[in-house]
Amino acid sequence: MRRSVGDLDRRGRAWYVDKAVAGLVFIGGISAIVFIIGIFVFITREGWTFVFGTLDFGEFFTSIEWRPTSENDPTYGALALIAGTASVTGLAMLVAVPFSLGAAIFIAEFATGRTREALKVLVELLAAIPSVVWGFIGLAIMNPLIIDLFDVPIGLGVLNSGIILGLMAAPIMTTIAEDALKAVPDGYREAAEAMGATKWQVIRQVVLPAGKNGLMAAVLLGVGRGFGETMAVLMASGHSINLPTSPFDSVRALTATIAAELGDAPRGMEHYQALFTLGIFLFIVTFCINLAADIAVRGVRKG
Amino acid sequence: MFAASALNERNRRVEGIYKALFGLMTVLLVVPVLIILGVLIAKGGPAVSFEFLFTPPTDQGRQGGILMPLIGTIWLVVVALIASVPIGVAAAIYLSEYAPENWLTRLINLAIINLAGVPSIVHALFGVGAFVVFFEFGISILAASLTLAIMTLPVVIVATRESLQAVPMAFREACWNMGATRWQTIRKVVLPNAISGILTGVILEVSRSAGETAPIMFTGAVTFLPFLPTGVLEPTMAMSLHLFTISNSVPNMPDEIKYGTALVLISMVLIMNAASIAFRVYLRGKKKW
Amino acid sequence: MVTPDPTAAPSATSDVKLSVRNLTISYGEEAILRDVSLDVREHEIFGIIGPAGSGKTSFLRSLNRMDEVSDTMSVEGSVLFSGRDIHEVRNVYNLRQRIGVVFPLPVGLPLTIYENVALSPRLRGIRDKSTLDETVERCLTRAALWDEVKDRLDALGSLLSGGQQQRLTIARALSQDPELLLLDEFSIAVDPVTTMRIEDVLRDLKQEVTIIMVTNLVQQARRLADRTAFFLNGKLVEVGETEELFTGSVQDQRTRDYVEGRFG
Chain F
8 MRRSVGDLDR RGRAWYVDKA VAGLVFIGGI SAIVFIIGIF VFITREGWTF VFGTLDFGEF
68 FTSIEWRPTS ENDPTYGALA LIAGTASVTG LAMLVAVPFS LGAAIFIAEF ATGRTREALK
128 VLVELLAAIP SVVWGFIGLA IMNPLIIDLF DVPIGLGVLN SGIILGLMAA PIMTTIAEDA
188 LKAVPDGYRE AAEAMGATKW QVIRQVVLPA GKNGLMAAVL LGVGRGFGET MAVLMASGHS
248 INLPTSPFDS VRALTATIAA ELGDAPRGME HYQALFTLGI FLFIVTFCIN LAADIAVRGV
308 RKG
Chain E
1208 MFAASALNER NRRVEGIYKA LFGLMTVLLV VPVLIILGVL IAKGGPAVSF EFLFTPPTDQ
1268 GRQGGILMPL IGTIWLVVVA LIASVPIGVA AAIYLSEYAP ENWLTRLINL AIINLAGVPS
1328 IVHALFGVGA FVVFFEFGIS ILAASLTLAI MTLPVVIVAT RESLQAVPMA FREACWNMGA
1388 TRWQTIRKVV LPNAISGILT GVILEVSRSA GETAPIMFTG AVTFLPFLPT GVLEPTMAMS
1448 LHLFTISNSV PNMPDEIKYG TALVLISMVL IMNAASIAFR VYLRGKKKW
Chain S
-10 MVTPDPTAAP SATSDVKLSV RNLTISYGEE AILRDVSLDV REHEIFGIIG PAGSGKTSFL
50 RSLNRMDEVS DTMSVEGSVL FSGRDIHEVR NVYNLRQRIG VVFPLPVGLP LTIYENVALS
110 PRLRGIRDKS TLDETVERCL TRAALWDEVK DRLDALGSLL SGGQQQRLTI ARALSQDPEL
170 LLLDEFSIAV DPVTTMRIED VLRDLKQEVT IIMVTNLVQQ ARRLADRTAF FLNGKLVEVG
230 ETEELFTGSV QDQRTRDYVE GRFG
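Chains as they are written, first to last, in the numbering used here: chain F, 8 to 310; chain E, 1208 to 1496; chain S, -10 to 253.
Just so you know, the hints here were simulated from the structure itself, not pulled from any lab data. Source: prediction; values computed, not measured. All C-beta atoms in this analysis are idealised placements derived from N, C-alpha and C, irrespective of residue type, glycine included. Watch out, some of these pointers could steer you wrong.
[Stated by the list, open to error] Here are some, though not all, of the chain F residues that point toward chain E, as calculated from beta-carbon distances under 10 Å:
(1) Val32
(2) Ile50
(3) Leu62
(4) Phe117
(5) Phe143
(6) Ala198
(7) Ala199
(8) Met202
(9) Met242
(10) Leu289
(11) Leu298
[Stated by the list, open to error] Anything over 10 Å on all C-beta distances counts as not near chain E; from chain S, calculated:
(12) Glu33
(13) Gly42
(14) Asn83
(15) Leu121
(16) Arg131
(17) Ser150
(18) Gln165
(19) Gln196
(20) Glu232
(21) Arg245
Start from the sequences, fold in the hints, and give me the full structure.
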């Protein structure tokens, strides 16, 4: 049975289905972009009249007076909230960065076989613990522990939430850092080992320099995670407006402020718009952090 | 000769010290969490029973069980999955099978990273602004689930894309050479061999959505509700928000109820996660080529 | 001796299956094959020999427009399939379906043996079980694989041995009911006995199908091909009756050196 040459042009059902699917999955593909733009548009839509009207940028960044519910003179100084977020995130990174980088080096370079697999699974499970559970741990376990250990009246504050946040961020940083170390080609290690270097020399002189961009990305994503964490910080930080001077001070974070107050702020009121303004601020900062991490990783791929 | 071996000896010792140091750090990272889990199990375990799971909470949660939050979480997760799995799988198919290497693809990848990186409370604000207010779903399961769906979309996309890319290129080329269209190739050869990987991603997403609090607390989850939801336009209780409420806002809450609720929530999440990991390990051992 | 004349109009005679004119293939900026013109006749085995990197595989890929799935590969010039310019064909899938391809490394799809062979008919919309059964048996028999697998058609095609997978690949190509069969160094991953069996199959097949066979085994071309082309460094050096190439009556010293094993 010979088919005619003209049949080559006939477009059957399969051809049209293929084109339709290509269109559909393209929509799926760009949906991520649509959503990220949507997030920005919708939080801006709720907050922009405040941003361009009432908001005094000087006050926002320099005043510690966050009194949105004041009857006659509401003020919107976010400095204390920014300081709260910064102090908690800072302490968390102080705890988490060395431990997670150390753990990443151990898992990627020293551990072998079953130990390695078991550790990886364990770290992955740790990363899955929900933030509200961490908050509960801060309230129910860490709080009395800190009171007992340091003989302070209350255990909720920078120290408590910093440690909790550190424990939360560490598994994620460990996973990403380990991936970055694994991405260093084995050829580098073998070349150095062939020259008689010990494992530690190989790590310090070859693996760490080659993987440093990925490690930086891991730290940045950890910072982003700490910065954006809500429930755990809300529950473990004590939630009072303060410029912290000691690790035992109670503080209030940007994220926690939104979570605590949005329920009581009627839509369209200044307070409600001010909370969305905090959201815009958070969105922009985390966007920059993620962008920086992405650029750091891309540096690795090019190098 | 002697000097060289002394140097070697020293190097070996340095290496041993560092190995021990990093090993210790790993242990210190893991151990506190295991202790905490132990405490949760010890204090919450006695409270958890069949009755606890399936009795409605009363007296603001001080008595009774966790029926409403438990069922509510299932509602939220299921509706979120229905929304996010098709979109996520489509996006992953596009990125793995169609996307050329260009600026748009890079932009999509950046958007995915950002969807995963935007703080959960910002997702909540978006959910309020978009679904509760603009689309007029009100405080409802639908609004909360859609917020969850967008937030967890990267989980599905990344897992699906990885499992699609694990299917060797040679299979696609063989199909194209036979005159199969791209879609026929995906449907007959690529998807069937990636479906289990996609499933592990979906399980992971279930685990993520079940534990989230911030994105649902202003969009669909409420602190107390004496009945179960009957449709997606109603609000609901949820496990995560319930744990927040009873541990943070309700005075004189019996410890065993708090610990019991925390234990149930963390068990749900970790069992799902462990299942996803176990499934992945099982698949690794079961090669089809 | 047939030397292609690049200026000649594409042959319209019915016994030319494939007519290539001024074909240039590039990856990015770099041309890997330059200005190739040749004709392949109906029902012949057309051999292509030449050292690695001379553009043979890229040449095959351009014949069924597989260059289009690559980001970097680009093709200029014309290819006439049954007198029709393939780049003007509106449904490339129909074109590819009429051209069977066998790769250097066998690719058994991760489907059952049965489904590997039934896939192409199914894609063409054939659902009738007995037609499919008949096609599967016929193609596996032609590919000299039926006797070995007829009791385990439900086994995974991707887990067969290399030689079996290669014959499965041929059976799959035959299930397309192709008019043209492209073979790219099919014996690379196959043991000598299987190679001989496949060669017998090909000799049989040329009654129905036109075959283009790329090989780096000069003797294989001599055994099988009616005519042979010699590619070197991205150029078609010459094309002629296979026997003439091997009996020394060739024009180009480089061809003589290659077939006599002095390089490559």
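| field | Which numbered hints fail | value | 3, 6, 7, 8, 14, 18
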